[in-house]
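Chains as they are written, first to last, in our numbering: chain A, 274 to 714; chain B, 139 to 493.
Simulated from the structure, these hints should not be mistaken for laboratory data. Note that the Cβ used here is the ideal one computed from N, Cα and C, for glycine as well.
In silico contact screen, one side only, chain B against chain A (beta carbon under 7 Å); selected entries:
1. S299
2. N306
3. S453
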Amino acid sequence: MTLRKAVLLGASIAAAGLALASAAQAQNEQFIPGLIYRTGAYAPNGIPFANGVADYYALVNERDGGINGVKILYEECDTGYATDRGVECYERLKNKGPTGAAYVNPLSTGITFALTEKAPIDKIPVISMGYGRSESRDGSVFQWNFPLLGTYWSAADIIMQHIALKEGGLDKLKGKKIVLVYHDSPYGKEPIALLEQRAKMHGFTFTPMPVTHPGVEQKATWLQIRQNRPDYVLLWGWGVMNSTSIKEAAAVGFPRDKMFGVWWSGAEPDVRPAEGGAKGYHSAMLQHGAGQFGVHADLKKFLYDKGKGSAKWDEVGEVLYNRGLVNAMLGVESIRKAQTKFGKKPLTGEQVRWGIENLDLSAARLKELGFEGMLQPLKVTCSDHEGTRAGRVQQWDGAKWVVVSDWYQSDDKVLKPMVDAAAKKYAEEKKLTVRDCSKES
Amino acid sequence: MLYREAGQFKTTYVADQQIFPILQDRVFVLAVTVVAFLAVPMFASPYLYTEILIPFLILSLAAIGLNILVGYCGQVSLGTGGFMAVGAYAAYNLWLRVPEVNNLVVVFLFGGVMAAAVGILFGIPSLRIKGFYLAVATLASQFFLDWLFARVKWLTNYTPSGSVAVGNLSVFGWKIETPADRYLLILGLVVLATLVAKNLVRGHIGRSWMAIRDMDIAAEIIGFRPLRTKLTAFAVSSFFIGVAGAMWAFLRLGAWEPLAFDINRSFQILFMVIIGGLGSLLGSFLGAAFIVLMPILLNQLPGWFGIRMSTALLSHLEFMVFGAMIVFFLIVEPHGLARLWAVAKEKLRLWPFPH
Chain A
274 MTLRKAVLLG ASIAAAGLAL ASAAQAQNEQ FIPGLIYRTG AYAPNGIPFA NGVADYYALV
334 NERDGGINGV KILYEECDTG YATDRGVECY ERLKNKGPTG AAYVNPLSTG ITFALTEKAP
394 IDKIPVISMG YGRSESRDGS VFQWNFPLLG TYWSAADIIM QHIALKEGGL DKLKGKKIVL
454 VYHDSPYGKE PIALLEQRAK MHGFTFTPMP VTHPGVEQKA TWLQIRQNRP DYVLLWGWGV
514 MNSTSIKEAA AVGFPRDKMF GVWWSGAEPD VRPAEGGAKG YHSAMLQHGA GQFGVHADLK
574 KFLYDKGKGS AKWDEVGEVL YNRGLVNAML GVESIRKAQT KFGKKPLTGE QVRWGIENLD
634 LSAARLKELG FEGMLQPLKV TCSDHEGTRA GRVQQWDGAK WVVVSDWYQS DDKVLKPMVD
694 AAAKKYAEEK KLTVRDCSKE S
Chain B
139 MLYREAGQFK TTYVADQQIF PILQDRVFVL AVTVVAFLAV PMFASPYLYT EILIPFLILS
199 LAAIGLNILV GYCGQVSLGT GGFMAVGAYA AYNLWLRVPE VNNLVVVFLF GGVMAAAVGI
259 LFGIPSLRIK GFYLAVATLA SQFFLDWLFA RVKWLTNYTP SGSVAVGNLS VFGWKIETPA
319 DRYLLILGLV VLATLVAKNL VRGHIGRSWM AIRDMDIAAE IIGFRPLRTK LTAFAVSSFF
379 IGVAGAMWAF LRLGAWEPLA FDINRSFQIL FMVIIGGLGS LLGSFLGAAF IVLMPILLNQ
439 LPGWFGIRMS TALLSHLEFM VFGAMIVFFL IVEPHGLARL WAVAKEKLRL WPFPH
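The shape of chain B in the complex, shown without the other chains:
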C-alpha cells in the first residue's frame, strides 16, 4: 500500500534512468542521508561515533570496493587487507613526508591511487587464472604486502616497533579533532564514493564487468576486452579499498601496525560481501553492519538486561551465537541480506492484497 508505484509515470529518459526510479526509494534514501548528516550529530555519543558508526561506514566502503571486484566482475580476491594496508601506508607516507599536503582528502585519494596501482599489478594474473586459483594468487598478494610493511622500515619511518601514529589532521583548513568531525568527514566521503560506485556499476563499465562475470568467453566474443575490463575492476575496487584503508588507519585507529590489515581483515570483508549480497551496493552496507555491529551487540546484550555472567562465557557465547546467525542467514537466503530486502520490497508492493 505504502510502497506502490502505480501512477508514477516516466515521461522522459532522464526520469526513467534515475538511480532510484521509484519515488518511495528516493524519499527513503534522502531521509536516511539527512538523518545521518543532521540528526545523528545532535544526539550521538562519542561511543556511538567511534565504535559503531565510524567502523561501520569505513568497512562498508571497503566492502563496496570488494563487491565491485567479486560481486560485479566475478574475480575472487583474498587480498583486501593488503590493499587496505597499501592505502594506509601510502597515505601515511605522503602525510609524513610532504607536510605541505595537510589535507586528508588529498592524502586519502593518494592512498587510493597507490592501492589502485598495486591492485592492477596483482590483477594481471587474473587474465590467466580463474576462480579458486585466482583467490590463492590474491592470497599471495596479502602475504607479500604484510611482509612488505613489516620489513621495509622506510615505510614505517624507522619506528622501532613498526607502529606508526598520526595526529593534527585537517581538511581544507577544517581541523578534524572530535569524533563528530571524523564521522562527518567519513560520511561525506562514503556517500560520495557510493554515488560514484552506483553510477559506475549501472553504466557501461559496470555492464562490461557483469558480462565478464556471467561468461567471460561470451563477453569476449561480443567485444569486451577481458584484460582491460578485469584490470579496471581491480583498479576501481582497489581504489575504494585503499581509501577505506587510509580512513581506517587515520580516522579509526590513529596509531596502527601492519597487524591491523592482516589476513583476518581480508576474510572479514569478504564475509561482509557474501553475507550482504554479491553484486549489490546495499548488500555491502548490510553486510558491514552485520559483521561489525552484531558481535558488539551480542557482547553487550546480556548486560543491558541485567544478566551477570563471566567475561569468558560472554565471549564464547558471542562467538557461538554469531556463528549460528551466519549459518542461519546463509540457509534462509543464500544470496545475502540484500536479496532478503529485495524480497521484502516485492511483497510490500502487493501488500495488503497479495495474489
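One chain only, chain A, in its complex shape:
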C-alpha cells in the first residue's frame, strides 16, 4: 500500500468512525448553532461574547447533565460579521442534530435582517438579544423574532432619559445639539428613527454622522464635531470603531463624559485601547454590567478549575463575556420552558419558539440560576417579544465600569406607536397575516 492510499484509508476510517460515534450519541441531544466571530475587525468584541456563550452551555452540560438530561450540542461557525458568510453558516448548521437548530443568535443586525426572512420558512426562531430590528418586538407580525432584553429604540430612549435627567428634565433638552456617530450599517441606523422622534418632541437638533465599516477612519467626523460643538455625542459603534471614536474624541478634546455609547459600545475592549482618554465615557447597559455573580462561582468550580473554560479566568466577568452568559442562559431557559409542554427530549425550532414566547423569569428563578444582580425579571408575551425594557447607564473610571444610574424604563408611550407603525408597514409590504395576540394563550 502506498502512503497516499494509507492516508486516504485512514482518513475514511476516521470519518466513518466519527459519523457512527456521533450518530450513537445524537439521540438525546439538543443542537444549538453559534454564529460568532473570533476573527476580523470585530473580533476583539466577538471573542469574549463567544467565550461566554460556549462556557454557559458547557456549564449546563457539566453541572446539570444538560437541560433536564438533554445534552446541549453546540457548534460554532465564524461569520466574521459578514452577512453572506453568516447566512452560509446558518444554512450549514440549521439541520444538524436530531431535531435541527433550536434557535439561532445571529450576533449581527445585518445577519438578523437576512434570517428574519428565512425564519418563518425554516421554523427556527431568531433570538437577537439587544440588537436586530426594533419593530420585531411586535410578536403578532414578527412571530419568529425575539429581540430579548431591549431593542435599539429602547437603548436610545434610555440614553435620552439619562441625559434629560442630568439636564434637569426633558423640557431642558430644547435647543441642545445632539450628534449620533454611527456604524453605517443597519445596526447603526436603527436608533435614528427614535432619536428623530425625540428631537421633534423636545426641540433639540439631532445630527446623524455615519462612519463606514470597519470604522478606523473617523478624522473627518470628529473634525465636524469639533466645529459643531454638540452638547452630547451618542456612539453606535462596534469592534474597533468604538475605541477609535473614543481616541478621536480625546484628540479633538470633546468631553468624554458627554459621550454616551449604546450597550455594544460599552465593554472593556472599547475603552482599554484609549487608555486615559476613555476616562469619564458613558454607555448604556443591557441590564447587566461587568463583575462576578452567582453563576461565576459555578463556572469556576465546574469549568475553570478543571481547565475546561474557553477564556482566561481574568476575562470571566467582563461585560461582553457576561452578555454571552446571559444570551446562552435565556436560550437554555426557553428550551426548559418548552420542555414543560413538549416533553424532556430534543425539541424542534417550532417547539422552542413556544418556549421563548412563554418565557417568564422571576427574580427568584434568576437568583437560583446565579444571575441575581445582572438581570431584572422578564416576561415575554405574544405581543411583546422584548420581555423587558429596563436599562442602566455605566461610566468608565479609567480602570473599571461603574454603574452611575438607577434603572430606567424606555418610554412605551413613544416607542409603542413607532413599533406598531413599522411592524404594520412590514406586514403590508410582505403581505403577511398578522396574528391576533389577544387570542393566544
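Once you've looked at the hints, dock chain B against the given chain A.
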C-alpha cells in the same frame, strides 16, 4: 485519444463557425447543461442550492460582465459592486412601486438596463483616461454609488435602517419559493446570458473590443470609433453586472443593505476575473468557483476528516491557505485557470503519443 478531432470535417461555413467546432466540446457542454438542469435538482440539498450553486452562478454572471470590460476591452474597472447595487436597487424599486410587474425577468432586465445606463455614464471618462487612472475613476463610481444608496432614502423606501427586503416572487406566474425554484431560474438566466456573451465576443462587436484592448490607436486607424466601442463595452458589461446584482439581492439575499455591494464585492469579482483568466468566459466560471467555493471548502474540510480545532484557528487557516493558493495559481499560470484548462486540452489532443 478521447479528445482528438481527426475525422471531423467541416464542409459548410455554418459548421466551421459554431460556438464549439469540436464534437467533444459540444457533447461535454451539453452534458454539463443537462446535468445542471435535470440531474442536480434530483439530489441537491437546500444547502447545496443556497450556499454553493446559487452564489456560484450569480457571481459567475457578474464575472462574465466584468470580463467583457476588463478581459475583452481592456478597461480596468473597480466599480463592479456599485453597478451591482444599481441593478439591485433599480430592480427593487420597480418591484416595489409597480406591483403590476410581478415578473422577476422583467424586474431583472430593468435592473440591468439601469446599470447599463449608469455604466455608460461612468464609462465616458474612459476615452480620456487609461489604465490605472481609469481604475481610480471607476473606484470613485463605487464610492459614489455606495453613498447614493446609503443616503437617498427614497431608493430604500424610507426604511429606518436602510435594509430592504423582498418576498412573494414569481416569473410568468411561476412562484419562486423553494431553493430549487431559485436555482433553476438563475441557471436559466445565466445560461442564456452566457450564450449572448459568447456570441457577442466572437462577433464583430467583440472583435472591436479586442482591437481596442490590444492597441487603441491602431484600432482607431483601421476604423473603430473608440468612444462607441468603449461605451458599448461599458454598457454590455454593466448590464450583465446589473442583472447579477439584482439576482444577488432578490434570489440570494432576500434582504440586503448597501453594505452587500461595497468595495469588497468589486475586488472579489475582479479577482475572479484575474484568477479565472482575462478574456475568457470559461475563466469567469472557473474564477467564480475558485473564489466562492474554496473558502467554504477550506472551512469545512477539517470537520469532514473529524479534526476538531477551534473556530478561530479554522478561520485563520482558511485565510492563509486560500491566500497561498491564489499565489500558487498565479505563479503556475499567470493567465489564469482558463489557460490551465486550454493547456490541458492541448495535451489531451496528443495523448497518449506526445511528440
